[in-house]
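K.L.:
Sequence:
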Amino acid sequence: MHDDSGPVRYKPEIHIPGPVSYLLLGIVVLSVIFAALIVVIPLPLYRLIGNSLEAGVAFVCMCICLYAYRYWSGRVILLLAAFAFGEYGLATIFWYLYSLLPLTALLGRPFVFTTVAELSFLGFMLFFIAGFQIEGKKEPIPAVYTWLLLALFLIIPLMMIDTYGITPRTVMLLVQFVVVEQLIVVTISHGFFRYPLIWAGICAQCVFSMLYGLRETLFLYYPSWTIPLPLAEKTFSLYDLSSIVGPIVIASIALLTLGLLDYLVQQGTNAQPA
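Read left to right, the sequence shown gives residues 1 to 274 (this note's numbering).
Read the hints as simulated data drawn from the structure, not as lab findings.
Hints are not guaranteed to be accurate.
[As the list claims (entries may be wrong)] No more than 20 Å apart at the CA atoms, straight line, and that leaves these computed lysine to any residue pairs for SDA-like:
1) K138 / I188
2) K137 / S189
3) K234 / P42
4) K234 / V116
5) K137 / K234
6) K234 / S224
7) K138 / Q182
[To be verified] Quick list of simulated restraints, FRET-style, between CB atoms:
8) I134 / I166: 45 to 55 Å
9) I41 / P142: 31 to 41 Å
10) K234 / V32: 18 to 28 Å
Think of the CB as a built atom: it goes at the ideal place given N, C-alpha and C, for glycine as much as any other residue.
All chains, full assembly: derive it from the sequences and hints.
P.N.:
Dropping the structure here:
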């Protein structure tokens, strides 16, 4: 929770610049359109475009948050969000070069789910967990709800461990689901679920993290699982179709940035100038 005893550094009547709003909303719309294009664009090209957009959008949102931190409020949550977006952009570049670039794919693909990139993707969520805890005031939540939510998120990873044993991939999946559960709990317990854009961004990020983890474990173990798409007259393996994780995380980054700016506007409207 921020300290209200000191001078307020942000202006009392701040607003989100129109171009920034249109840019972030345009990114969300673009991500939805791009997700549908997986049935049209060849998969290698789709992954190249997707990873490039992920990194690019992450760096753009990092710059927006740094600007807002410098000129609007100085809230730590903006700085942590900028760190989250920046390290995600770098991790995405590493992930692509290590696992999908033709020269290194054969070397990196079998080990992609246990590289430093995964730690960076987890770090993205940890930055927001820390930011929400610092910025917001914790609200009482019955402990039973937290334990039930944790049990719900542990079902799939524990089933994977029971089937395939303790391996780097199954352990990473377990850790990923636990971090996702903690992100949801902290978002709810510190009141940020009341901000629709932030909540939508968090939900999209959680869907991305879980789907990505399942793609690199369960879907990888069952390459024969396919889904026919009659309109496209194609049949995709569930593994290949789950490449839509790229557009999902693009949307989540844009929504989180727009949500944080909207949060600042709502906070600033009721603030007294320094």
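K.L.:
Among the hints numbered above, which are violated by the structure, and what are their numbers in rising order?
P.N.:
4, 5, 8, 9
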